[in-house]
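Given next are the chains, with one letter for each unit.
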Amino acid sequence: KAGVTQTPRYLIKTRGQQVTLSCSPISGHRSVSWYQQTPGQGLQFLFEYFSETQRNKGNFPGRFSGRQFSNSRSEMNVSTLELGDSALYLCASSGDSKGGEAFFGQGTRLTVV
Amino acid sequence: GESVGLHLPTLSVQEGDNSIINCAYSNSASDYFIWYKQESGKGPQFIIDIRSNMDKRQGQRVTVLLNKTVKHLSLQIAATQPGDSAVYFCAENKAAQKLVFGQGTRLTINP
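In order, the protein sequence lines correspond to chains D and S.
Numbering-wise (this note's numbering), the first sequence opens with residue 1 and increments by one.
Numbering-wise (this note's numbering), the second sequence opens with residue 1 and increments by one.
Hints listed in this document are in silico derivations from the structure and should not be mistaken for laboratory results.
Watch out, some of these pointers could steer you wrong.
As the list claims (entries may be wrong) - Ranges of calculated distance between the beta carbons of each label pair, as one might list FRET restraints:
(1) Gly-41(S) <-> Phe-69(D): 25 to 35 Å
(2) Gly-16(S) <-> Lys-57(D): 38 to 48 Å
(3) Gln-14(S) <-> Ser-70(D): 47 to 57 Å
What the hints assert, rightly or not - The calculated lysine to aspartate or glutamate pairs, modelled on EDC-like cross-linking and capped at a C-alpha distance of 20 Å, are:
(4) Lys-57(D) <-> Glu-75(D)
(5) Lys-42(S) <-> Glu-52(D)
(6) Lys-13(D) <-> Glu-101(D)
(7) Lys-98(S) <-> Glu-82(D)
(8) Lys-98(S) <-> Glu-75(D)
(9) Lys-56(S) <-> Glu-101(D)
(10) Lys-98(S) <-> Glu-101(D)
(11) Lys-98(S) <-> Asp-31(S)
Beta carbons: idealized from backbone N, C-alpha and C, even for Gly.
From just these sequences and the hints, can you work out the full model?
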């Protein structure tokens, strides 16, 4: 069974640009959540989708958005990039609709210059 | 509030010794806790979980203890090996897959 796949692995963008990151969950999993990991703030929850609906959202500005497709694949978008958006963005999938073991991908390392 | 924290940022142990990593949480309403291991360049890897109706759960070389009275969670790793070197995170899983992570503890194994 393939794990969670995130693309791209590495990305360099310029301030003011926008970026789209992709996550393919484990086959059969319908819950996909996104996290931002930085040395200073640690792992912080961005949002979670289940069956194409956003169920939970963390405390991030509106520049951070996401969506989920009918095949459970998810994308997150960050607009008007800032230097502080440089981070490892992690996606996790789960087969449990109410809460359970979440499997993480290897992440996308975003660097904003 | 939503806060899961770790007592120690770093822990060094001798190879073969047991390791104990601690975590405090503040949300007494939480009912599910998880420990993750993150190696350099990789995403967090699930180690073991425990629900609030349990005090202890054992896995392969790992044991998680939950003390709801003092809101404390610990991860015990038996016979620590070089491959156990990583950052360990405790996390509180709220409803609908919202994980609140602690800051992490870096475990270093001395030969």
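Each hint, compared with the structure:
Remark: the range hint 25 to 35 Å for Gly-41(S) to Phe-69(D) is upheld by a beta-carbon distance near 28 Å. With their beta carbons about 45 Å apart, Gly-16(S) and Lys-57(D) fall inside the hinted range of 38 to 48 Å. Checked against the hint of 47 to 57 Å, the C-beta distance between Gln-14(S) and Ser-70(D) comes to roughly 52 Å, which is consistent with it. In summary, the hint linking Lys-57(D) to Glu-75(D) is supported, as the alpha carbons are separated by about 15 Å, within the 20 Å threshold.
Of the supplied pair hints, the one linking Lys-42(S) and Glu-52(D) is violated, its CA atoms being roughly 27 Å apart against a limit of 20 Å. Of the pairs offered as hints, the one joining Lys-13(D) and Glu-101(D) is violated, with about 33 Å between alpha carbons and a cut-off of 20 Å exceeded. Taken as a hint, the Lys-98(S) and Glu-82(D) pair is broken in the structure, with Cα atoms around 25 Å apart against an allowance of 20 Å. Among the hinted pairs, Lys-98(S) with Glu-75(D) is consistent with the structure: their alpha-carbon atoms are about 17 Å apart, no more than 20 Å.
For the suggested pair Lys-56(S) and Glu-101(D), the alpha carbons sit about 17 Å apart, so the restraint of at most 20 Å is met. At roughly 11 Å between alpha-carbon atoms, Lys-98(S) and Glu-101(D) fall within 20 Å of each other, so this suggested pair holds. A C-alpha spacing of about 12 Å is found between Lys-98(S) and Asp-31(S), which places the hinted pair at or below 20 Å, so the restraint holds.
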